[in-house]
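Undergrad: Here are the chains, one letter per residue:
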Amino acid sequence: MLMVQASLDGILLGILFALIAYGMALQWGVMNIINIAQGDLVILGGYIAYTMYLVGIHPAWGVIVSPIIMYFVGVLLYKLVINKVVDRDLFISILATFGIAIVFQQLMNFIFGADVVVAQSEYGTTMLFDNSVTLPNSKIFSAFISVLYAVALVIYMKKSRLGRAIRATAQNARAAKILGVDTEKVYAATFGINAALCGIAGALISITLTLHPYVGLPYTVRSFMIVIVAGLGNLPAVALSGMGLGLFEEFADYILGTEFRIGAVFMLLVFILVYRRFKLSKKREYLK
Amino acid sequence: MNKLVKLFITSISAITLALVSFTSSFAKVEGDYIVLGSAISLTGKYSSNGVHTQNGYNMAVDRINKMGGVEVQGKKYKFEIIYYDDESNPKRAAQLAERLIKQDGVHYMLGPYSSGLTKAIAPVTEKYKIPMVEANGASRSLFTKGYKYLFAVLSPANQYLEVAIDLAVEKNGGKGVKIAQAFEQDAFSQDVRLGILDAAKRTGSEIIIDDKLPKELNDMAATLAKVKATKPDVLVVSGHTKGALTAIRQISEMKVDVPMLAMTHCDAAKLSKQHGKKSEYALCASQWHKNLSYKDKFFGSGKKYAKDFQKEFGYDPPYQSAESSAALLVFKDAFERANSFDRDAVRDALVDTEMQTFYGNIKFGPGGQNVAKPMILFQVRCKGDDCENRVVAPTKWASDKFYHPIPKWSERS
Numbered sequence: 001m002l003m004v005q006a007s008l009d010g011i012l013l014g015i016l017f018a019l020i021a022y023g024m025a026l027q028w029g030v031m032n033i034i035n036i037a038q039g040d041l042v043i044l045g046g047y048i049a050y051t052m053y054l055v056g057i058h059p060a061w062g063v064i065v066s067p068i069i070m071y072f073v074g075v076l077l078y079k080l081v082i083n084k085v086v087d088r089d090l091f092i093s094i095l096a097t098f099g100i101a102i103v104f105q106q107l108m109n110f111i112f113g114a115d116v117v118v119a120q121s122e123y124g125t126t127m128l129f130d131n132s133v134t135l136p137n138s139k140i141f142s143a144f145i146s147v148l149y150a151v152a153l154v155i156y157m158k159k160s161r162l163g164r165a166i167r168a169t170a171q172n173a174r175a176a177k178i179l180g181v182d183t184e185k186v187y188a189a190t191f192g193i194n195a196a197l198c199g200i201a202g203a204l205i206s207i208t209l210t211l212h213p214y215v216g217l218p219y220t221v222r223s224f225m226i227v228i229v230a231g232l233g234n235l236p237a238v239a240l241s242g243m244g245l246g247l248f249e250e251f252a253d254y255i256l257g258t259e260f261r262i263g264a265v266f267m268l269l270v271f272i273l274v275y276r277r278f279k280l281s282k283k284r285e286y287l288k
Numbered sequence: 001m002n003k004l005v006k007l008f009i010t011s012i013s014a015i016t017l018a019l020v021s022f023t024s025s026f027a028k029v030e031g032d033y034i035v036l037g038s039a040i041s042l043t044g045k046y047s048s049n050g051v052h053t054q055n056g057y058n059m060a061v062d063r064i065n066k067m068g069g070v071e072v073q074g075k076k077y078k079f080e081i082i083y084y085d086d087e088s089n090p091k092r093a094a095q096l097a098e099r100l101i102k103q104d105g106v107h108y109m110l111g112p113y114s115s116g117l118t119k120a121i122a123p124v125t126e127k128y129k130i131p132m133v134e135a136n137g138a139s140r141s142l143f144t145k146g147y148k149y150l151f152a153v154l155s156p157a158n159q160y161l162e163v164a165i166d167l168a169v170e171k172n173g174g175k176g177v178k179i180a181q182a183f184e185q186d187a188f189s190q191d192v193r194l195g196i197l198d199a200a201k202r203t204g205s206e207i208i209i210d211d212k213l214p215k216e217l218n219d220m221a222a223t224l225a226k227v228k229a230t231k232p233d234v235l236v237v238s239g240h241t242k243g244a245l246t247a248i249r250q251i252s253e254m255k256v257d258v259p260m261l262a263m264t265h266c267d268a269a270k271l272s273k274q275h276g277k278k279s280e281y282a283l284c285a286s287q288w289h290k291n292l293s294y295k296d297k298f299f300g301s302g303k304k305y306a307k308d309f310q311k312e313f314g315y316d317p318p319y320q321s322a323e324s325s326a327a328l329l330v331f332k333d334a335f336e337r338a339n340s341f342d343r344d345a346v347r348d349a350l351v352d353t354e355m356q357t358f359y360g361n362i363k364f365g366p367g368g369q370n371v372a373k374p375m376i377l378f379q380v381r382c383k384g385d386d387c388e389n390r391v392v393a394p395t396k397w398a399s400d401k402f403y404h405p406i407p408k409w410s411e412r413s
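Chains as they are written, first to last, in the numbering used here: chain A, 1 to 288; chain B, 1 to 413.
Same shape as in the complex, but just chain A:
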């Protein structure tokens, strides 16, 4: 029973992380930017839902309101900062987004205060197997919403004009430009969509976990890891690696102990990177 509980906990949490990672994979793939502020966008999205909760609106509505607001925050960020670093060295984009992360943290601290806060969904609990496995409905809800948005986004990317433009730009920005795609607009939209995804995840985190202005970084690191494992531009792989990491974490907790939980995940990351390099070095086109 313990194993069933661990598996379900891991998968439900992993799906949520996969959503954040998908946003990261998208803008990394399209714009070649590693966004250190990813986690802080998530937390900001969470605070939007929390503010709604404070004024008496159910925080679950945050999954609709928060992405809308966050989309514009993302576009604004792009116009102010990101457009200046898009074609530059990866290192510059890391520095720029690191700066954004600090500014966001301080702003959130200033506006919302330094207290840890939670929003209450009052969704109750689902009990399985005669109460020995318990699943918070808020976690089930958040996994469901994550899947819903991810699927919607995949369809949008395949069918819509903007979606196709984004994919074209990701494949070859110059060629897309020559063929009449307004890449500036595509970049802005991509960053906006990424921020919106963070907004959804944040709203879900406000009802499942806790919010604090300075807890963004773990989310950045987690999504970074998921993307590294899955590779860019491959949604099923992102979803799988998100769930896989969630599962792996829970089991590492049971088997090795809680203190090794995060360490175990990083060890796994090292193994995957080494393994990849090993595989790559066997290919002929790999020159190093």
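Please keep in mind that the hints were generated in silico from the structure rather than gathered at the bench.
Quick caveat: nothing in here was measured; it's all calculated off a predicted structure.
The reader is advised that the hints may include incorrect statements.
To be verified - For the chain A half of the interface with chain B, some residues (derived, Cβ under 10 Å), not all of them:
1) Ile34
2) Leu95
3) Glu259
Stated by the list, open to error - Derived DEER-like restraints, expressed as beta-carbon distance ranges:
4) A:Met1 to B:Lys148: 54 to 62 Å
5) B:Asp352 to A:Asn131: 58 to 66 Å
6) B:Asp296 to A:Ile64: 26 to 34 Å
7) A:Ile64 to B:Lys273: 22 to 30 Å
8) B:Ser410 to A:Ile64: 29 to 37 Å
9) B:Gly204 to A:Leu95: 36 to 44 Å
10) B:Gly173 to A:Pro236: 29 to 37 Å
11) B:Gly384 to A:Trp61: 20 to 28 Å
12) B:Lys273 to A:Phe144: 26 to 34 Å
13) A:Leu256 to B:Lys363: 40 to 48 Å
14) A:Phe144 to B:Gly204: 47 to 55 Å
15) B:Lys297 to A:Trp61: 27 to 35 Å
16) B:Arg202 to A:Met1: 31 to 39 Å
Ideal placement from N, C-alpha and C gives every residue a C-beta, glycine not left out.
Given the coordinates of chain A, work out where chain B should sit on it, guided by the hints.
TA: Relative to chain A, chain B alone:
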């Protein structure tokens, strides 16, 4: 042009130098004022508790000044505090302590907020032999380094939850209990853990789960699943406000039934407000509660302090404010007994402190920690949706009976 620039730079440096030497002449006592210094977290992640600390200091300064100030060698002096914002950053705090001592000439320091920042400042005050009375650094390691100029009005961290284990054993008819514990991996929480280990050894209790939570973790589902499977008599959790909020959220969601749940940081986390009824029956360690019966002539009783504080700052005082106010009372007492502004005389007077304040009795042990005041435990109790913290231990001050065991989730409405 170049010459002009040089001249400009030289004159600027000359002015700065003059200013610096001018400010150092402020020194410890200026006119009728005794100047104290404090680096405090007004921004950054400790800013809410930093402000509670500052409010506590300010409230005491006002009160002492209004009631005649400090009498040294027949002359009345008033307190004044120079504050700098340490941005919740230990390195910055250490720099600011140097600045307070070297540039502003402060000879007496008040502590910052949190164990981590106190740890950063203590070596500086020790180096310059500046007496520091601190009210917000409880980590045991502060008191084992042999610091001679550090004095803490609060009980050390390892005492936070020992009482809870004693209580559990008492309820178990004096027999040892099964303990499950989860502590964050930081200095403070690990000190609380050491206290539990001592208590377990002393009472013959058995620790069946001993999880250390990584700092960045905000999910304890795995620990709680283990708790569900092993059915301990007591669950002990400490991980600052995040730990307290996460624990209650997940215990209620996962319907984990334990007869007793003991935590730290419940009041800082505003547990009863944020989680309401879900937090009922949780036991929390606290340095102070307004219902305790300690008294002094400045603030009267704890209840009176709470009322005055509420009037001044618009919220109920958390224990961080109360202990900070007490630090000023300690300084006043020490100055008057030393009857001098000599740093070492004041330090020696601090060593001999033995007094009662509205916050509790204060007497410093050899390491500088307060040994005269026990920790208290309160329990969250609700009437309808209205929840509040009621003192349940030690029995001398208990306003309510300890409710044990916690009813099962299936029986709770």
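Undergrad: Just pull the numbers of the violated hints for me, sorted ascending.
TA: Of the numbered hints given earlier, those the structure breaks are 1, 2, 6, 9, 10 and 15, listed in rising order.
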